[in-house]
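Participant: Take the sequences, apply the hints, and build the full model.
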Amino acid sequence: MTSALNHSDPTERIAALDALHATPDAPAATAPLLADPVPAVREHASRLLSQHGTAEAAREAATYIRSTNVAARNLAGETLLRMGVVAVPALLPYLSDPDHDVRKFAIDVLAELPAGIYAPRIAEALDDPDANVRLATIDALGALGATAYADALAERYDTEPLARPSVVEALGAFQRAEDLPLLETALTDDNPVVQLAAAEALSQFDTPEVLSLLMRQREAVHPMARPVLLQAIVDVLQRHPRRAATLPAALHTDLVSMLDDPDPTFQAVAVDGLSFFVNEGALGPLLQHTGRTDALDMKIFTALAQAPEPFTAVLAAASDRGDLPLTTACTFILGLLGQGRAPGDAWPAVGAVLTAHFDALSVDDQLAALHICADQGHEALTPVVEAAMQVPQPDVRSVAEHTAAGFPGLSTASLTS
1 MTSALNHSDP TERIAALDAL HATPDAPAAT APLLADPVPA VREHASRLLS QHGTAEAARE
61 AATYIRSTNV AARNLAGETL LRMGVVAVPA LLPYLSDPDH DVRKFAIDVL AELPAGIYAP
121 RIAEALDDPD ANVRLATIDA LGALGATAYA DALAERYDTE PLARPSVVEA LGAFQRAEDL
181 PLLETALTDD NPVVQLAAAE ALSQFDTPEV LSLLMRQREA VHPMARPVLL QAIVDVLQRH
241 PRRAATLPAA LHTDLVSMLD DPDPTFQAVA VDGLSFFVNE GALGPLLQHT GRTDALDMKI
301 FTALAQAPEP FTAVLAAASD RGDLPLTTAC TFILGLLGQG RAPGDAWPAV GAVLTAHFDA
361 LSVDDQLAAL HICADQGHEA LTPVVEAAMQ VPQPDVRSVA EHTAAGFPGL STASLTS
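Counting from 1, one number per residue, gives the positions in the sequence shown under my numbering.
Just so you know, these hints were derived from the structure itself, not from any lab. Where is the CB? At the ideal position from N, CA and C, for every residue including glycine. Among the hints, erroneous ones may be present.
[Said to hold, decoys possible] Using C-beta positions, here's what the derived DEER-type ranges look like:
| id | residue 1 | residue 2 | range |
| --- | --- | --- | --- |
| 1 | D151 | T23 | 47 to 53 Å |
| 2 | D158 | T312 | 54 to 60 Å |
| 3 | T312 | R243 | 25 to 31 Å |
| 4 | S257 | P37 | 53 to 59 Å |
| 5 | A22 | D151 | 48 to 54 Å |
| 6 | T188 | D261 | 21 to 27 Å |
| 7 | S257 | T63 | 53 to 59 Å |
| 8 | A152 | S257 | 50 to 56 Å |
| 9 | V391 | Q339 | 22 to 28 Å |
| 10 | G284 | P114 | 48 to 54 Å |
| 11 | T302 | T11 | 52 to 58 Å |
| 12 | S362 | R292 | 15 to 21 Å |
Facilitator: Here it is in structure tokens:
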């Protein structure tokens, strides 16, 4: 049966693997096909080893992390990851392998497995003669939550500058208050990559005190790291919104500038941050940045809905300054009305804008407008219903006829004339 594993036809090799799967020899016979020249055969062997899931299968798969065949080595790693905890003991012997690439690969895989109990064994590689192995060890200890080695990692911030990003990332994962001074130091490191790592690490701390630390270094960080630092500030604010009242106006300025960042992720962060400043002039800049993506417009609308007088801002941006496209203004107005936000003394202006641009709305928005007209019954919305009766879409005209019953100033005759 095992001879078929060498058959020239890949489908025959796959069939032979299936036939062997339930036999005692399956792990030893299957593992060599992790290096098969045909990807489908390699993947099938990997799946069967993973399903076998025994310590023996893990040991057989682990031997291929020493393979010079990159595809086989990587697939062996993936196979071990799918096996889970059973793969951990199988990898430990390779921490002492003569080949530094093998040692690093074993550590990289262990970092993604439940190997925390073996952190002392992995930590021995902090003194490995190969720099890449040492970096992998720092990353692994951080990923495994090995806080017992936090001080040892912190020492390497000074002794091994190339390891600083990894050290900072690991300390961020540990979230120890005693590591905050070092992370603040990292925000002013000469290397912007270290600053980036520090900003990301600090964003993970679930404590409002970190906000003051981030604000202190806001101006000191490299321009490349500043968006990440601002994102960290916004992350903390979203978890501790009451701290927003203590923030300086300069943060508002920074967030407005970040609205123009070319990265859509940071544009969205800027909107999230400016939502804390809707009472302090943030709405104007936000409305100026509509129309980029639907997702960003939705975030801007969410911030707008938190303002005490959103209709005033929308109408001003749409008419006075022209910052907001009128169709977008109508959509925002309908969204606010749909949330039950009454515009107060702005009803006439709201009605005028919806009427003037009713034809430009989608059918769904036109029907939404009529639903709001029927629900609110405000006399300032009478022209909206009249405009609805003039559109070519019969469904809209039909709804308008029914809506007109709630507006004393309209008659069926005037609507159909």
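Participant: Now tell me, hint by hint, if it's right for this structure.
Facilitator: A quick look at each hint next to the structure:
Against the hinted window of 47 to 53 Å, the Cβ-Cβ separation of D151 and T23 comes to about 51 Å, which satisfies the hint. Distance hint for D158 and T312: a CB-CB separation of about 55 Å, consistent with the stated range 54 to 60 Å. As the Cβ distance of T312 to R243 is approximately 28 Å, the hint placing it in 25 to 31 Å holds. Look at S257 against P37: about 54 Å separates their beta carbons, and that is inside 53 to 59 Å.
For A22 and D151, the Cβ-Cβ distance of about 50 Å falls inside the hinted range of 48 to 54 Å, so the restraint holds. Under the hint 21 to 27 Å, the C-beta atoms of T188 and D261, about 22 Å apart, fit the expected range. Between S257 and T63, the C-beta spacing of about 55 Å keeps the proposed range 53 to 59 Å intact. Checked against the hint of 50 to 56 Å, the pair A152 and S257 fails, with Cβ atoms roughly 40 Å apart.
V391 and Q339 have their C-beta atoms about 25 Å apart, which keeps the hinted 22 to 28 Å range intact. Taking the beta carbon of each, G284 and P114 are about 51 Å apart, inside 48 to 54 Å as hinted. Under the hint 52 to 58 Å, the C-beta atoms of T302 and T11, about 55 Å apart, fit the expected range. One distance hint, 15 to 21 Å for the beta-carbon pair S362 and R292, holds here, with the actual separation near 19 Å.
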